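Trainee: Chains A and B supply the protein sequences, listed in that same order.
In terms of the numbering used here, the first sequence is residues 1 to 244.
In terms of the numbering used here, the second sequence is residues 1 to 154.
Hints in this document: simulated from the structure, not taken from any laboratory.
Every value quoted in this text rests on a predicted model; they were computed, and no experiment measured them.
Check before you lean on any hint, since a few could be wrong.
As the list claims (entries may be wrong) - Quick list of the computed label-pair ranges, beta carbon to beta carbon:
| id | chain 1 | residue 1 | chain 2 | residue 2 | range |
| --- | --- | --- | --- | --- | --- |
| 1 | A | D103 | B | S104 | 19 to 27 angstroms |
| 2 | A | V99 | B | M54 | 26 to 34 angstroms |
| 3 | B | Q57 | A | K77 | 55 to 63 angstroms |
| 4 | A | S109 | B | H136 | 58 to 66 angstroms |
| 5 | B | N41 | A | H86 | 49 to 57 angstroms |
| 6 | B | Y63 | A | D161 | 36 to 44 angstroms |
By construction, the Cβ of each residue, glycine as well, lies at the ideal position given by its N, Cα and C atoms.
Below, each chain spelled out in residue letters.
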Amino acid sequence: MGGAAISSHGLACAPRGAVPPYPRSRRASAAAAAGHRSSHQLLLRSDLPAHPILCRARSQSSSSSNVNFGGGDDADKLLEDLIKQHGEVVYSSGSSPAVEADDDAECLSFAVSLAKVASEIKAADIRVLCVKRLVYWTRFFIILTAFSNAQIDAISSKMRDIGEKQFSKVASGDTKPNSWTLLDFGKFLFSDIVFPVAYLMIFCTLTGDVVVHIFLPQQRAFYNLEEFYGNATPIELPFDTQWQ
Amino acid sequence: MGSHGNNLFGAVSSSVEAVTRPSHCDAISQQIRTFIQMRTNLKVVDNSGAKRVMCIQAKSGKYGAKLGDTIVGSVKEAQPRGKVKKGDVVYGVVVRAAMKKGRSDGSEVQFDDNAIVLVNNKGELIGTRVFGPVPHELRKKKHLKILALAEHIV
Numbered sequence: 001m002g003g004a005a006i007s008s009h010g011l012a013c014a015p016r017g018a019v020p021p022y023p024r025s026r027r028a029s030a031a032a033a034a035g036h037r038s039s040h041q042l043l044l045r046s047d048l049p050a051h052p053i054l055c056r057a058r059s060q061s062s063s064s065s066n067v068n069f070g071g072g073d074d075a076d077k078l079l080e081d082l083i084k085q086h087g088e089v090v091y092s093s094g095s096s097p098a099v100e101a102d103d104d105a106e107c108l109s110f111a112v113s114l115a116k117v118a119s120e121i122k123a124a125d126i127r128v129l130c131v132k133r134l135v136y137w138t139r140f141f142i143i144l145t146a147f148s149n150a151q152i153d154a155i156s157s158k159m160r161d162i163g164e165k166q167f168s169k170v171a172s173g174d175t176k177p178n179s180w181t182l183l184d185f186g187k188f189l190f191s192d193i194v195f196p197v198a199y200l201m202i203f204c205t206l207t208g209d210v211v212v213h214i215f216l217p218q219q220r221a222f223y224n225l226e227e228f229y230g231n232a233t234p235i236e237l238p239f240d241t242q243w244q
Numbered sequence: 001m002g003s004h005g006n007n008l009f010g011a012v013s014s015s016v017e018a019v020t021r022p023s024h025c026d027a028i029s030q031q032i033r034t035f036i037q038m039r040t041n042l043k044v045v046d047n048s049g050a051k052r053v054m055c056i057q058a059k060s061g062k063y064g065a066k067l068g069d070t071i072v073g074s075v076k077e078a079q080p081r082g083k084v085k086k087g088d089v090v091y092g093v094v095v096r097a098a099m100k101k102g103r104s105d106g107s108e109v110q111f112d113d114n115a116i117v118l119v120n121n122k123g124e125l126i127g128t129r130v131f132g133p134v135p136h137e138l139r140k141k142k143h144l145k146i147l148a149l150a151e152h153i154v
């Protein structure tokens, strides 16, 4: 995702360089021509001495600015100075192991409580897998088997209730029960490091927390998710998960 | 990732993804890719048995289907022992599109081919595994099942 980090302020660079072909940068250049004040890029561009250096970091092809760059080290050093001076971290995910462990513990408790709810409604074969290392878009999977549409309905409504009340997480997923019903308790997290003098965004990880898969018995064998995620560490549940 | 759109990849690599940045030489040397519409040939990237599908209808979108949309298609080529056979009318979800899709951080994603995953009309997947990279735009479009079965997410 490093490439994605640089591309966004390429748009600010484009008006300085050759003719920008895309509608987005065309808008920026038209805005530049019109002296339009409301765009971020314009407000920032005028007072940024280091801007050409940021441009250079993007790509050599488009920038025709004639500032002489000393070398990669200077640019890096300047960037770091700018970050220290002006940058404010709005959100950072995975910053320190303590914070991560707290997050994990919270998600784990959420997952375990969901699993307990499921076992109260007599779902079969509940497995909680920690897929944190395998998959970046979520932390835990809960896989369980239900036996009828009414049971699937009951499970999903109970889980949504718990999610909203106790953990304030909204579930997005299948509303109508299906032979494979999915509930996604996740949130998108973006991290912005916003410079007051330059517009640089760093796209950070999309971490959801818990994804619940509710299968009918034959679908569970058909899709075989446990085999696909065989490398995930299973989580011990403190109650009896095997019905039947 | 981060490869410039101008790179030529041989036919060996089935699908390549490029996170492109706007640059002035793109207009001269790149094709403008558009939507997936009627008569578009798409590759099938799950193990449902079909290999190529021709789009009959894009279920949503005035001009055609984009990444994450559902289409109706007719199977043009299928493996001999699969769950679908040639001539079947199937639904599919587009998982790779040659048209750029913008992301909220300003980057754009674009693949080298158009690929779909077969779905039935209730939205359940016909195949059990998805091959090749899939973008995480599918999460917003509520296609988490495809993400869960995908081998590589971009």
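Trainee: Tell me if the beta carbons of N41 (chain B) and H86 (chain A) are separated by a distance inside 49 to 57 angstroms.
Mentor: holds, 51 angstroms
Trainee: Lying within 55 to 63 angstroms: is that true of the beta-carbon distance Q57 (chain B) to K77 (chain A)?
Mentor: holds, 56 angstroms
Trainee: How does the Cβ-Cβ distance of D103 (chain A) and S104 (chain B) compare with 19 to 27 angstroms: does it lie in that range?
Mentor: holds, 23 angstroms
Trainee: Please check whether Y63 (chain B) and D161 (chain A) have a Cβ separation lying inside 36 to 44 angstroms.
Mentor: Roughly 41 angstroms apart at Cβ, these two residues keep to the hinted range, so it holds.
Trainee: Per the hint of 26 to 34 angstroms, is the separation of the Cβ atoms of V99 (chain A) and M54 (chain B) within bounds?
Mentor: At roughly 51 angstroms between Cβ atoms, M54 (chain B) and V99 (chain A) fall outside 26 to 34 angstroms, so the hint is violated.
Trainee: In this structure, is the beta-carbon distance linking S109 (chain A) and H136 (chain B) contained in 58 to 66 angstroms?
Mentor: Given a distance of about 26 angstroms, which is not inside 58 to 66 angstroms, the answer is violated.
Checked against the numbered hints given earlier, the structure breaks hints 2 and 4 and satisfies all the rest.
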